[in-house]
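**Student:** Using the sequences and the accompanying hints, generate a full structural model.
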Amino acid sequence: MEEGSVKYLLLLALLYFLYRLWRWFKGPEEGELVKDPNCGVYVPKDKALRVDVGGRTLYFCSRRCLEAYRRRERPP
Numbered sequence: 000m001e002e003g004s005v006k007y008l009l010l011l012a013l014l015y016f017l018y019r020l021w022r023w024f025k026g027p028e029e030g031e032l033v034k035d036p037n038c039g040v041y042v043p044k045d046k047a048l049r050v051d052v053g054g055r056t057l058y059f060c061s062r063r064c065l066e067a068y069r070r071r072e073r074p075p
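Heads up: the sequence shown at position 17 corresponds to 16 in numbering that gives the first Met the number 0, and the numbers run straight through without jumps.
The set of hints was computed from the structure by calculation and includes no laboratory data. Backbone N, C-alpha and C fix where the C-beta goes; we use that ideal spot for every residue, glycine too. Wrong hints could be hidden among the right ones.
[Unchecked claim] Have a look at the derived ranges for each label pair, beta carbon to beta carbon:
id : residue 1 : residue 2 : range
1  : Gly30     : Arg70     : 27 to 37 Å
2  : Arg63     : Leu8      : 46 to 56 Å
3  : Gly30     : Arg62     : 18 to 28 Å
4  : Arg19     : Asp51     : 34 to 44 Å
5  : Leu14     : Pro36     : 39 to 49 Å
6  : Leu14     : Ser61     : 33 to 43 Å
[As the list claims (entries may be wrong)] Below are the DSS-like pairs computed for lysine-lysine, each with C-alpha atoms no more than 27 Å apart in a straight line:
id : residue 1 : residue 2
7  : Lys34     : Lys46
8  : Lys44     : Lys25
9  : Lys34     : Lys44
10 : Lys46     : Lys25
**Tutor:** Given below as C-alpha cells:
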C-alpha cells in the first residue's frame with residue numbers, strides 16, 4: 000500500500016470515529032418515550048396511540064395492545 004492510501008484510510012477512520020462520537024453525545028433523536036401499560040414497551044410519545052381513561056392519558060404501541068388492554072381492564 001502506498002503512503003497516501005494509508006493516510007487516506009486513517010483520515011476516513013478518524014472522520015467516522017468523530018461522527019459516531021458526535022451522534023453518541025447528541026443522544027437519541029426521538030422525543031419523550033412513554034410506556035405501553037399492556038406490554039411494557041417504550042414508544043416515542045408522538046408515535047404512540049393516545050387514549051384518555053378515567054381522567055388519565057395512556058399511550059399504546061399498537062392498536063392490538065390497546066384492544067388487549069381494554070379487554071383485560073373491562074369489568075366482568
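**Student:** None of the hints should be skipped; say for each whether it holds.
**Tutor:** Here's how the hints hold up against the structure:
For the pair Gly30 and Arg70, the beta carbons lie near 29 Å from each other, so the given range of 27 to 37 Å is met. Between Arg63 and Leu8 the Cβ separation comes to about 48 Å, which falls inside the hinted range of 46 to 56 Å. With their beta carbons about 21 Å apart, Gly30 and Arg62 fall inside the hinted range of 18 to 28 Å. With their beta carbons about 41 Å apart, Arg19 and Asp51 fall inside the hinted range of 34 to 44 Å.
Remark: the range hint 39 to 49 Å for Leu14 to Pro36 is upheld by a beta-carbon distance near 44 Å. For Leu14 and Ser61, the hinted distance range of 33 to 43 Å is satisfied, since their beta carbons lie about 39 Å from each other. With a C-alpha separation of about 12 Å, the suggested pair Lys34 and Lys46 falls inside the 27 Å cut-off, and the hint holds. The hinted pair formed by Lys44 and Lys25 meets the criterion: a straight-line CA distance of about 19 Å does not exceed 27 Å.
In summary, the hint linking Lys34 to Lys44 is supported, as the alpha carbons are separated by about 9 Å, within the 27 Å threshold. With a C-alpha separation of about 21 Å, the suggested pairing of Lys46 with Lys25 holds against the 27 Å cut-off.
Of the numbered hints listed earlier, not one is contradicted by the structure.
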